[in-house]
Amino acid sequence: MNTLQRIQQKFQSYLLNNAKKKPLTRYLSLPHQGELDQRLMVYANAYRYRLLEVLEKDYPLLSQWLGEEFIEIAFAYIEMYPSQHVIIIEFGQRFPEFLAQTQPYAAYPYLAELAQLLRALNRAVLQTPTAVCMTRADLTAVPISDWADLRFALHPSVQFLSFTWNTLAIHQALTQKKAMPKVCSDAQKCIVWCKQLQGYYLVVTEREYFVMQACQHALCFSELCNRVTERYFVSDPDAATLWIAQFLSRVVDEQLFVTTTEVTTW
Amino acid sequence: MNSDYLGYGLGLRAKHYAFILEHHPAVDWFEALTEDYLTPGRRLHYLKRIREYYPVVMHGVALSIAGSDPLNRVYLNQVKRLAQQIQPAWISDHVCWTGVDGFNMHDLLPVPFTQQALDHVVARVRYVQDFLGRQILLENVSSYVTYKESEYTEWDFLAALAQEADCLILLDINNIYVNSVNHGFDPYLYLHSLPKARVRQFHLAGHERCDNYIIDTHDASIVDPVWQLYQEAVRHFGFVSTMIERDDNIPEFPELLTELNYARHLATEILNSVLPV
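The listed protein sequences derive, respectively, from chains E and V.
At position 15 of the first sequence (counting the first as 1) the number is 16 in our numbering, and the numbers step up by one without a gap.
At position 269 of the second sequence (counting the first as 1) the number is 878 in our numbering, and the numbers step up by one without a gap.
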């Protein structure tokens with residue numbers, strides 16, 4: 002190990018251990034005024050507070066809801082998952098997982114669910130490509146003869162989320178600054194995506210969720226109809242086709258599909 | 610005057626995207642933080658739109674050119690890809706390290722000014738420049754500690770690095786001032802010790818004064834001693850592209866523009882009186 006590497010490891014160890022180790026007097030000169038400890042604390046504080054700021058930006062509603070407690074949680078996360086990311090905006094990506102798996106936070110699973118939702122909204126806007134969305138006009142231009150083989154490509158920002166608590170109601174109350182609802186179990190599914198550079202979620206039924214996942218797996222329209230009929234419309238296949246067409250039109254209006262080269266009929 | 614002289618610029622911040630696109634303010638160029646645009650999404654969308662109207666330079670914080678870990682090839686590829694899309698006037702980063710053993714402190718940590726460190730950084734800068742196919746600019750960072758083992762002054766280290774690696778210098782005037790207070794040296798000696806032809810850009814910024822040291826916070830207006838040092842830098846180096854960095858407590862765009870226009874005014878007075886235009 003060369004000197005440069007040794008110095009950097011000692012310096013970093015000091016920062017990661019939250020300045021609990023003895024100062025690096027062996028390597029550092031005493032400042033011409035003031036104390037070395039004081040100077041080193043600038044680095045130690047900068048490390049923790051810079052990452053805290055990232056978490057506050059990624060999870061603003063959690064921060065707003067939990068107040069001082071959020072800072073404690075964030076510091077616990079920073080200690081457990083020291084950053085190994087080159088890009089700082091990726092630092093908070095394991096925060097939902099941390100909340101779900103680490104006591105005492107795991108005892109409040111709606112915190113992890115809310116973090117998961119906020120993470121998905123953030124990711125949709127800041128970490129997925131923009132794309133040309135399919136329009137209702139694109140859809141109506143498809144010849145009837147091509148519908149059976151038609152495939153729907155999801156917007157690259159689409160993410161599927163399932164909740165067991167009333168997380169969406171909590172999110173809504175925090176967003177609209179209304180009274181918080183009582184936390185209760187409430188199985189819900191939603192789809193998160195980016196529309197016109199803003200993050201949105203769409204609450205969907207089990208059946209709608211199934212259709213969107215089928216689209217993600219590149220099933221064509223005829224296969225989609227068959228699967229939905231088998232699962233939800235055994236006694237009325239025609240109703241399945243109509244329902245799917247209506248749902249897909251709504252999804253097109255929400256800009257959840259994009260035009261791709263695979264959809265050659267556009 | 611360098612052929613790639615850009616004039617007076619500002620740091621591109623998300624808060625100002627809409628204002629810039631709506632008003633096309635009289636700023637000569639923008640400096641985009643490289644890491645903000647390495648992933649696709651809203652930020653990159655805005656950068657591309659703003660690039661249609663303004664020259665842009667890329668300014669990174671994650672190269673870790675003095676780090677002892679191997680250079681991150683994935684990151685370098687991302688930077689290269691972004692540069693292909695944005696066509697920046699230049700790419701810059703800092704003379705610092707950001708982490709070791711796979712960790713990242715997301716800070717611009719100080720380098721011991723030793724011969725070993727110099728040789729290490731020179732080799733890495735050459736590699737990066739070959740990889741990117743262009744010269745890069747490296748910026749002097751603010752610091753709060755110095756190393757016992759340092760064999761060079763900060764300015765001699767920077768000058769030697771630029772000459773030996775054949776790279777350019779992004780001279781942060783505020784950082785020189787901050788370090789002169791923190792480490793007790795003459796900031797004017799620093800300025801006059803650098804090779805003129807290597808200095809391609811100036812940074813200006815504000816800071817926070819503590820009891821007996823300064824923290825480089827980039828969250829306040831530029832103070833008089835930094836303006837005075839800037840004036841001396843303009844006298845010494847001549848036409849150098851100048852920009853104001855504001856990373857926190859970011860004011861509305863017109864306020865920053867007023868501060869930038871003050872820099873333009875100070876520099877223009879000097880350049881008109883001292884140098885042949």
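No wet-lab data here; the hints were simulated from the structure.
Where hints are given, some of them may not hold.
[What the hints assert, rightly or not] With a cut-off of at most 16 Å between alpha-carbon atoms, the simulated EDC-like pairs for lysine to aspartate or glutamate come out as follows:
no.	chain 1	residue 1	chain 2	residue 2
1	E	23	E	38
2	E	196	E	239
3	E	11	V	678
4	V	805	V	775
5	E	58	V	857
6	E	11	V	758
7	E	11	V	710
8	E	58	V	856
9	E	11	E	54
10	E	190	E	209
11	V	805	V	841
12	E	179	E	207
13	V	624	V	857
14	V	624	V	775
15	V	805	V	857
Note that the structure is a prediction, hence the values are computed from the model and not measured.
Taking the hints in turn, this is what the structure says about them:
1. E/23 / E/38: Roughly 9 Å between the alpha carbons, so the hint for residue 23 of chain E and residue 38 of chain E holds.
2. E/196 / E/239: Between residue 196 of chain E and residue 239 of chain E the Cα gap is close to 32 Å, so the pair fails against 16 Å, i.e. violated.
3. E/11 / V/678: Status holds; Cα separation ~14 Å.
4. V/805 / V/775: holds, 13 Å
5. E/58 / V/857: This hinted pair holds, its Cα atoms lying about 13 Å apart.
6. E/11 / V/758: holds, 14 Å
7. E/11 / V/710: holds, 11 Å
8. E/58 / V/856: holds, 14 Å
9. E/11 / E/54: violated, 25 Å
10. E/190 / E/209: At roughly 9 Å apart (the allowed maximum being 16 Å), residue 209 of chain E and residue 190 of chain E satisfy the hint.
11. V/805 / V/841: holds, 13 Å
12. E/179 / E/207: violated, 28 Å
13. V/624 / V/857: Holds, at about 11 Å.
14. V/624 / V/775: violated, 36 Å
15. V/805 / V/857: violated, 31 Å
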